[in-house]
Every structure is written in structure tokens, then in C-alpha cells.
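Protein chains: 2
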Amino acid sequence: MEMFGDNSCPPPCNTLGFLQKNNSLDEKGRLAGQKNLLSCDNSDRDARFRLTETDFSNLFARDLLPAKNGEEPTIQFLLEMVDILTNYVKKTFDRSTKVLDFHHPHQLLEGMEGFNLELSDQPESLEQILVDCRDTLKYGVRTGHPRFFNQLSSGLDIIGLAGEWLTSTANTNMFTYEIAPVFVLMEQLTLKKMREMIGWPDGEGDGIFSPGGAISNMYSVMIARYKYFPEVKTKGMSAAPRLVLFTSEHSHYSIKKAGAALGFGTENVILLSTDERGRVIPADLEAKIIDAKQKGYVPLFVNATAGSTVYGAFDPINEIADICEKYNLWLHVDGAWGGGLLMSRKHRHKLNGVERANSVTWNPHKMMGVPLQCSAILVREKGILAGCNSMCAGYLFQPDKQYDVTYDTGDKAIQCGRHVDIFKFWLMWKAKGTIGFEQHIDKCLDLSQYLYNKIKNREGYEMVFDGVPQHTNVCFWYIPPSLRGMPAGEERREKLHRVAPKIKAMMMESGTTMVGYQPQGNKVNFFRMVVSNPAATQSDIDFLIDEIERMARDL
Amino acid sequence: MEMFGDNSCPPPCNTLGFLQKNNSLDEKGRLAGQKNLLSCDNSDRDARFRLTETDFSNLFARDLLPAKNGEEPTIQFLLEMVDILTNYVKKTFDRSTKVLDFHHPHQLLEGMEGFNLELSDQPESLEQILVDCRDTLKYGVRTGHPRFFNQLSSGLDIIGLAGEWLTSTANTNMFTYEIAPVFVLMEQLTLKKMREMIGWPDGEGDGIFSPGGAISNMYSVMIARYKYFPEVKTKGMSAAPRLVLFTSEHSHYSIKKAGAALGFGTENVILLSTDERGRVIPADLEAKIIDAKQKGYVPLFVNATAGSTVYGAFDPINEIADICEKYNLWLHVDGAWGGGLLMSRKHRHKLNGVERANSVTWNPHKMMGVPLQCSAILVREKGILAGCNSMCAGYLFQPDKQYDVTYDTGDKAIQCGRHVDIFKFWLMWKAKGTIGFEQHIDKCLDLSQYLYNKIKNREGYEMVFDGVPQHTNVCFWYIPPSLRGMPAGEERREKLHRVAPKIKAMMMESGTTMVGYQPQGNKVNFFRMVVSNPAATQSDIDFLIDEIERMARDL
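Protein chains in written order, with the numbering used here: chain A, 1208 to 1762; chain B, 1208 to 1762.
By construction, these hints were calculated from the structure, which means they are not laboratory data.
Just to be clear, a hint being listed does not mean it is correct.
Copies of the same chain look alike in the list, so a pair counts if it fits in one copy or across any two.
[Unchecked claim] Below are the BS3-like pairs computed for lysine-lysine, each with C-alpha atoms no more than 27 Å apart in a straight line:
1) 1495 to 1275
2) 1650 to 1298
3) 1345 to 1399
4) 1500 to 1442
5) 1442 to 1502
6) 1661 to 1305
7) 1305 to 1275
8) 1275 to 1502
9) 1275 to 1298
All chains, full assembly: derive it from the sequences and hints.
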């Protein structure tokens, strides 16, 4: 496990900067010619990198590896990029920087101070490329900033980031063990661990990482159909009766999208009523199943949401599972957002019954802070993923290889090539341990409860639903002073509907913070605060509240 | 565009290494304590990084940002990672290193010299994390190595790599302009450029980057169905007659997978006969359309492959387009592999007629050397992607934002969250220009012709099809000396079938090179050589041939 053995090079840090920080440009020029003298020879380990001043204005992509003598400019170019990126990382966590520097599409398209998005026939110098990279970051959004609360995915995990850098350097493909041996095994072990946390016996079952929760949910509908009507694979939907799917009116739209894409039709995705907290009412599910059967339709699939997008609601899985067993339906749990709570001994009870599901979606890129994209579909029955999706393309997945080809994952995916999403997650798990994820999740839930306690009785706030939120979602209206005396009614509704978008626009234009808003059902626009950002603290919650109040003062 | 202004810090390179390379360990310890003296203060630009010796054995993920005082360990940890990665990059291009260090799954699972893939409850030190990263690379496959020819995607483009590092640092999501303003615009401009190269008037139309060619092809089938039978979106496949899709027997299996997934059924994916070069015979298409209609089925969609997976064949698009127009069918061109040839004035004629397609799949991550994943589905008719896929989820895509929300892309995708695949491609295009891609493609095709010329009449080689390959695919059998005298017949076929797998296994175990093999139709296993790797030269082709002959000597 040696890192710096006795023979390692002394640290190549910038004493040059220290010794010569007042050098003239001439001196700099002279030093550039010296750089080869500075290399250190050490046969025991790889040479450590050396950042030198390189003039990139006459260098082009064609001068980099695999070009002859391309090694030095390649390393220097990458190090310059790292310089840009590490500075970005530092600023991301710095509360004195803005979350974003907002510009309208037409402004960016017209070109900002030399930042030209247009592509051309001729190459740009590497100097310009580095400037383009700085500008790309400058006009983007710092999703890891402690005051970025806009999405379910937020934060910038350093281990995950390092994992992504390695993943892109390895630049391989998950479809065979042959070209991704380590990553394929990491995926297998990690999926097993996730199935253990779900509670399936011995972590048995199947699964795959997919490009996001919507695709994971699509997988669940596909395999449910394959389980009950395998002939649809070859004969199409005409081989099955009219199949219906059930999901909460608060569930993610991807179930409906899957219904449309897979040939069920959105009308056959039946929305279930929820209680005031956004949780499915089991009796409504049973009534709608009976109703569908009476119409001659065939209920196939029920989605229970564990952590809904807006309210963060957890459907009662056990009660839903009872009904699924009674009517012999596939039970899927969409834990894209809430699945992470399985890592917390304190909060995992919210998913009680998840072990009774046939399939589970779980996105580590949301509540667990893994960089985008990282989503898993987990399946209780082994082999069904391959049964559903395999086309046995012999030209891609040869059965006569010298290794055990059951490790090849390609034929159970709906994709062919598949990005390596596992490594960053595996590395984070190694670096934090299960316990590290648990601490992160508990902390986020504590923070959201802090917010809830702070505003539930505060003047100007109305909660969208009563009681302590189940997840980190805190949904509220802010009532500006001008609306506080106004009687309930359409006029107040219309005015209130416009408040959150206005405050949000001000936030973005001032760049100080970002939080989401949306309407839901007949409820006008309200803020949905979520906490998944490990950088956020109570002071950031306080800041958000102050900002909302400051910005709404004159609305 | 200033990079190093007059006030910039002098270069922080390793003169320390030069001046003190014989330092004792004591000296090193003393220097470590000095590091803060070495920082350079400069208010005009960001401080450049300084690599210091850091003891990571007592540091953990929890000590990194956003932890208090986490900045220094964070930067040092990332720089150590960069040290590992830049060494890997150098070795990738070094012909004296192996392409891979092969181990069987059970060997890696049992643990290699302290490389333990299992996850645990407790965290590992950052020192161990760095070792894990080294090991991950050590036991992987160098897909950028000049002698890696195994996949359609190969090579390690430095600009693309830098682009991926930036993308993962920005860690955002393509679904709204709100959180990915620059990337959303880059995608829009790049898709337009690609449509211009296809030849659609003014580059008009629509499109989106998707997680790979299989999903892009799935999109094409979905939008074709939506175009002709929009009611399927709401009512399901029962609202349509029995629809059939046509694609070559040499086409990628993703068309069949789409047929299965979307509810058509694989039996309704009709395979078209090809000529001896693997190109669709247009008369066969017309005959099968007529046959399907006579059976009462409704032909919907034809896929023409531009660059088939095994033979690299280009279907005759113009003749297929004539038939599609005659029968009013959707024409999709699967240019996942061959689309890149549109960038070459010399080779783009192979896609003549592509401008008549209704949709085109084009994967820059294949022939254009962009890191995985980067695949586009391009559509001639504007608005149809959104029409097909939108669910108008107000809680995700608010219409009342302060900016022009037509830039939000989320509702036209089948995904919700979507990884940023555009930046690396945009950056490569900027850095190389169209002309750089053209040179790369022309060079790869030249190299494959070199290989073809070398082996077509060489003793021991049989070409799978005659004539100069259309793409970089060169398909051949190698006949070991022991089989050369054997009469044609089942015994020879069986023996020959086992030759390529044996040679491939030897290649992997010796780690010297990798090339793919597969059977096709009634043809026994043969090698499929492809060139997309910018690092490959004629000497690498020579090396491959020598290796095959050396390994097969005693078969």
C-alpha cells in the first residue's frame, strides 16, 4: 500500500513560485526552456507530474497524444484543465460566490465577451479551448454550492468526482466483462449489497444500472409485462389483453411515459388518489383494480412511490403489497428519491415492506449524493431481466469466450453500449462506508426538519401539508405582506400563484440561491425545498428564508 | 483571452524536485510543514494549484470539502488522483505497455494483492482509496491503447477527456435551461450542425442526445409510430393495426429490441435480405412490404443501416428512400457507426440519400472518437419529439419561468434527468474543427485499406467478403497451417470456428492486442477488425497480423 516510498520524488510543488514570484516575463521565457532539467528520475514508481508554464496559443489538439512528442503538451494541457477545475471546486463551496451568473438564452447565443458557442471548420488553439472551458463554468450553475437547493440531485461529492474523472479516463463500456472486468464485478457486488439493504434473502436477484430513474421505471414495467405475458416480446401487445398499470397521482411522470412508450397507452395508466400528505390510499387502489377488472381490463402492475418528487411522500408499501398479492400483480417501488433512506437505521422504516416488491428503482445520484448519472433497477427474480431483453446477438456476445460469459451484462439491457456509472458509487461507498451514507442522510433529514420547525408557525408562511415531512421535501407558500390581509378567493389564488415564480426569478438574477417551485393538483405555485446537498447547513437554511423575505418585501 | 497576465504567479513546477532530489526523509518532513509559505498571493487571478506531500493514511472522505478546513486535503486528494490518471494516460499510448492484464472473474473476486472489491460499513482511508483507484486501472483494459481494436469505440481523445472531467465537475442535468444553460445551448447548436451535415434544409429539425445508439434507435421507432398513429400514446397499441418494421438481417439488434420493448413484437420486425457485402437488397424490401400488406399488416418503418456492426456495410439509402416514399413509410438511418463519415468529403457519398431520412442515429462516441457516451437521434420534423414524449409535468417543467422555456429539453426525452453528453463533443469540435474530424476519419479508412491490401492475398487469410470494405471493418478468417490442406466440409468448419476464439483468448492472456470475432449467419467465427482508434498506425496493423500468425502457429 506504499504511496511515497523512500525513493519517491520530493514534492514537486511550487517553490518556484515562492523563490521567483517577482520574475519578469523574460525570466519566465528562460524557465520554459529549462523544464526538461526538472524531471526527476525514479524507477521505483511513476514520475509525479510537473506543472510548467506552457504557451498554448500555438498548440492545437493535433499536438497532443497520440502525436509524436505529444506527451508533454498533453500532460500540461490536462494540468491546466485541472487548475481550472480545482479552482471551480473551491469556489463551489465558498459562500461568498454566487450560485449562478444568470443570462437569458439569447444573451449567451449572441456571445458573451468572446465566448462563442458556434462551431467551425477550423480548429481553435488550446489556449482558446482553455478559455472556453473557464467560460463554460462561469456561465453555468454551481449545483454543489451550499445554497443550491433546486433539484433532488445536488452537491459535489469529492470522492464521486474523483471517481468520475477516473471513469472517463478508463473510457470503457459496461456491456462485456471482456472490456470492463473490474467495473462489471463492482456493479455486481454493489447491486447485491443494495438488494441486501432492500431485504431480499441473501441479496439474491438481478439488476442493472440504467441512465436514470425514468429508464429504471421503464424497465420495471417491461419486466412485469414479460413475467405475465412473455409472448408480448415476440408477438407484441396484441398478444395480451388490455393491460392496466396503477400509480399515484403524485408519482413521477415516468410511469406514464413508460405506459406511452411501451404501447400500453397513458389512458391505461390509472392514477390513484392520495391522502393530504400525498400518500396512496390503499382502498382506492383496490377499488380501481376491481373497477378495471369489471370493465374487462387486466391489472398488471402497481407502482408504489417511496419519496414522491414534490411532497416526498412514502406510499404505504405493506398495505399495497397485500393488495398486489391478493390480485397477483407486480409490485414496483419507485425509490428513485427515497431509496437512499434504506441506508439509515433511523429512517428506513419509511420503506417498510419494500422487501415484498418485485422490483425497485433506487437512484444513488439523488439522496446519496453520487454524481449524475447513477440509477439502479433491482429485480427480485433472477434471470428475468435477461429473459425480457435478450436478443442473443451472437455477433456481440460470443458464448465461446475463454471466461465465464455469464458476467457479460449486455444482453439484459435495453441499451447496447452502457456508460460506466458504477465506479464513482463504489468508490464513495468504499470511502464513506455504509455508515457515511447513513450520516449524510440523517443530517439532511435533520436539516429539513430544522426548516420545517422554523417556518411552520412563522408569519407569512403556509405549509402545503401539515405535519413533519417524511422526506427532506418541505413544501410551503410564502405570502408577501401585500397578500396577507386578502380574503381567500380566486384573486388571492391568482396573485399567490405568481409569487413563487417572481421570487425564483429574483433569486436567479441575483444568483444568491436556488429553490424549486411548482403547482400541484389544484394548489397554486408553492416552493418545494429539498435537502440533499451535503454542503448545506442551518445557516444556509436561514439564508434562504431571509432571501425569500427580502425579495418578497415589495411584491 | 488572457492566460498568464503580467501579474500571474510564476510557474509552480517542481524545481523543488530538481534542487532537492537527494533530500533525506527528514528534509522532506521539514518541507511538508513549510507548504503554506509557498502559496503565492495574487488577486488578479485564481491561485494555481500546488501539489504537496500529504499523508492520506489518516484522512477520510469526511475530511474533504465541505468539511471545515477541507480545502487543502480536497485539492491534494484530487491532485493525487490526477497524478494517477496522467500516468495512466501516458501508459495508454505507450506501446511497451500491455493492453490489459487479464484475470478471470473468480480471480478478481477473490482479491488481488489487497485489491478487495467488497463494500463495508466502515470507511477506508483516502490512502487506501487512492490504491483502489490504481488497482482499478491496473486490472482494466486500456481502450485507448494503439493496439486496442476490439470495439467500434476505441481511443482516448485528450480534449474529450478534459471535457468529461469538466462535465463531471459541473455535475448538472440537461433537463432544463435553468440548471444547464450553457450545455443546453451547446446541444442545440451542435444538433443543428449535425442536421446541416445530414443535409436537411438550414439544419432545421429536432433531436436530442441519448444514452447510446440503442436508445436513439428506440426513439426513432417511437416517433414514427407517433407520426402515423398518435393515438397509440394515449390508447396503446390496440389503437393501431398490426404494424411492421423492416430492417436488414445485418442491422444492429437494437431495432429488434425496440420492437420488443415498444410492444410491436419481434415477429413484426421483418429482416431484409442482403447482398454478399451485407447491404440491403431494395427489391427484397419492396417484396416484403407488399407481402405484409397482403397479409393485412401495416408497414410503418424502415431502418437503413449506414455502417453495419460486423461488415461495415452501407445500405443503399436512395433506393430505400424511393420505396419508403412510394409506400409512405418512415425512413430511419442508423448511422450509429457510419454517421461519422458525413464529416469526410471523401467518404460521405456512402450515405448518399441520408437527407431523405425522417430520422438519423449518429454516435459521435464511435467513429469520431468522442468518449462514451455520446449518441444523437436527429429528426427532420420539428416538434414531433416533444409531441411524442411530453407529459407536460407542471411540477418539473414550469411554464411561468422568467426565461424562454422552449429551451427546456426535459419533456421531449424519455428520460427525466439526463447526463451532459454534449460538452466533450462540443469541445472536441471546437478544438479540431470539422476538418480535424475529417482527417481522423480519412486516416482510419486509409488504415483499414492498408490492412485489407496486406491480407487479401496473403497466405493463410480468407476474406469474409470480397472487395474493398466500405467502412473500416475488415472481416477475415485466419487459417492456421494445420487447416490449410483440409478439404472443405463440416470438420474444417468446426475446426475453423474454434480458431478465432482460441487466438483471441491468447491475445487477452498475453495482453498484447485485442480484436473482435463473431460468427454471422452461416459463417463460422471470423475476425472483425475495425479502426476508430486515432493512436493506431500501420505498425500496429503489422503487429496485429504478426500476433495472429504467431499465436496460431501451433493451433
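Using 27 Å as the alpha-carbon threshold, which applies to residue 1661 and residue 1305: within, between, both, or neither? The answer is within: 25 Å in one copy meets 27 Å, while 60 Å across copies does not.
Using 27 Å as the alpha-carbon threshold, which applies to residue 1495 and residue 1275: within, between, both, or neither? neither (69 Å within a copy, 53 Å between copies)
Please work out whether the CA atoms of residue 1345 and residue 1399 approach to 27 Å or closer within one copy, between two copies, in both situations, or in neither? Answer is between; shortest inter-copy Cα gap is 24 Å, intra-copy 40 Å.
Alpha-carbon proximity between residue 1650 and residue 1298, which holds within one copy, between copies, both or neither at 27 Å: Classified as within; 23 Å inside a copy, 42 Å across copies.
Taking 27 Å as the upper bound on the Cα-Cα distance, should residue 1275 and residue 1298 be classified as within, between, both, or neither? So residue 1275 and residue 1298 pass the 27 Å test across copies only (14 Å; inside, 37 Å).
Alpha-carbon proximity context of residue 1305 and residue 1275, limit 27 Å: between (43 Å within a copy, 20 Å between copies)
For residue 1442 and residue 1502, with the copy left unspecified, which applies at a CA distance of at most 27 Å: within, between, both, or neither? both (24 Å within a copy, 15 Å between copies)
Regarding residue 1275 and residue 1502, is the shortest C-alpha distance of 27 Å or less found within a copy, between copies, in both, or in neither? neither (73 Å within a copy, 62 Å between copies)
Can you tell me if residue 1500 and residue 1442 fall within 27 Å by alpha carbon in one copy, between copies, both or neither? Answer is both; intra-copy 24 Å and inter-copy 17 Å each pass.
Checked against the numbered hints listed earlier, the structure breaks hints 1 and 8; every other hint is satisfied.
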